[in-house]
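*Asks:* Given next are the chains, with one letter for each unit.
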Amino acid sequence: MEKEKTTIVLFSGDLDKAIAAFIIANGAAAYDHDVTIFFTFWGLNTMRKDEVVNVKKNWLEKAFGWMMPRGPKKLGLSKMNMLGMGPAMIKHVMKRHNALSLPQLIELAQEQGVKLVACTMTMDLLGLQKEELVDGMEFAGVAAYLGDATRAKVNLFI
Amino acid sequence: MEKEKTTIVLFSGDLDKAIAAFIIANGAAAYDHDVTIFFTFWGLNTMRKDEVVNVKKNWLEKAFGWMMPRGPKKLGLSKMNMLGMGPAMIKHVMKRHNALSLPQLIELAQEQGVKLVACTMTMDLLGLQKEELVDGMEFAGVAAYLGDATRAKVNLFI
Amino acid sequence: MEKEKTTIVLFSGDLDKAIAAFIIANGAAAYDHDVTIFFTFWGLNTMRKDEVVNVKKNWLEKAFGWMMPRGPKKLGLSKMNMLGMGPAMIKHVMKRHNALSLPQLIELAQEQGVKLVACTMTMDLLGLQKEELVDGMEFAGVAAYLGDATRAKVNLFI
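Protein chains in written order, with the numbering used here: chain A, -8 to 149; chain B, -8 to 149; chain C, -8 to 149.
Any given hint might turn out to be false.
[Unchecked claim] Computed beta-carbon distance windows for the label pairs: (1) N89/A <-> K121/B: 19 to 25 angstroms; (2) E(-7)/C <-> K121/A: 44 to 50 angstroms; (3) V43/C <-> K121/B: 31 to 37 angstroms.
[As the list claims (entries may be wrong)] Straight line, CA to CA, 16 angstroms or less: simulated EDC-like cross-link-like pairs of lysine to aspartate or glutamate: (4) K82/C <-> E52/A; (5) K144/A <-> D139/B; (6) K144/C <-> E(-5)/B; (7) K(-4)/B <-> D23/B; (8) K(-4)/A <-> D139/B; (9) K86/B <-> E(-5)/C; (10) K144/A <-> E(-5)/B; (11) K82/C <-> D115/A; (12) K144/B <-> E(-5)/A; (13) K144/A <-> E(-5)/C.
To be clear, the hints were calculated from the coordinates, so they are not data collected in a lab. Positions of the beta carbon are idealized from the N, C-alpha and C atoms, including for glycine.
All chains, please: the whole structure from these sequences, using the hints.
*Replies:* Below is the structure:
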């Protein structure tokens, strides 16, 4: 019997939306779905390494790189961000409730074989290079996403 | 013949997105779909009672409870909120066009048997308790959502 | 064999989300899917003509019309809008990478036969009239959207 399939486009670079995306992805993987998360636009920031990676960029790519959050620990909230107090509060309560943090959720997704795909077109636009994203990602365009989505029942845009 | 199924994750706590979610849900229910709305994160605020409910909370849960909007009448807009003038304008034009208000859309959804499910994990995080949400809701986690979504054709994340 | 179907609700009026919606829609159309984009709330602004159209409006409809962006060239970003510098930066890098601009993506969608449907209920609320939207759109309500979505595998809310 063919496995159920779930795909998520993670467009948003907000901490709360990224958490929601990875909780759904990990839940679906636990139910033995084939799961793909397709990271595009600001969602790519979720998968940036948190250290500066030495790659060649023009000034505009450098500007984007400097302005955008560097990895899951730097993301803000979609609501009640309050200059970073909101994310700190959310992280505090998640820890108190023994909920997995976003970096842990990402690690779990990797362990469970969730396919993590970076959108090459928006990487180009934002000047992000493969070396700047966490290891083990795949790189593809909208055609690959649509190939997966057409075979999936649960398709979300977050 | 099995009924068509529709699920909506309501993540957003914006008035305009909540209205869109309930219009789609009520439309699908009118077409005899089994419809589930799964309220998570800020979307839970849509279903808060508008009076203060006397429950025991720690200081951080009290802070969240105080900062977040208490029910559908208190939500802001995702765009053009303009310190509350935007929501007043939208409510005004909806009334003039005899469109159902969000509280009426919620009531209609309940009458049509739309399954309204509060995400227990985010309730814990935000310190929201069952007594604070409107009556008649169900309480479940991401597994229950995925169970419904996998059987549905229309799955939206709002 | 019946064609695959894809539907997108474009609720957002942000440039970056509109670009994502049209890239997915054009990709699906290139794979010979029947594609529908259903424009509702702020998403309608994507399809406004950029000139002022002489139609009769009350003062509130005039106020909405004046405050909302007039067409794809006037949209802001969901993140890093920076008083319009963000959209200028994105448009600049899209041009440098020979990516299609949003007006070109819209044109391509029309050429590929993507069904572009304006939500009549939110047109009424926001006081937008048929003459103010680009030519060749269809006009319908949530029932028509659900009719398409129920037959589609990929259904996204953007």
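*Asks:* Taking the earlier hints as the rules, which of them does this structure contradict?
*Replies:* Numbers 2, 3 and 9, in rising order.
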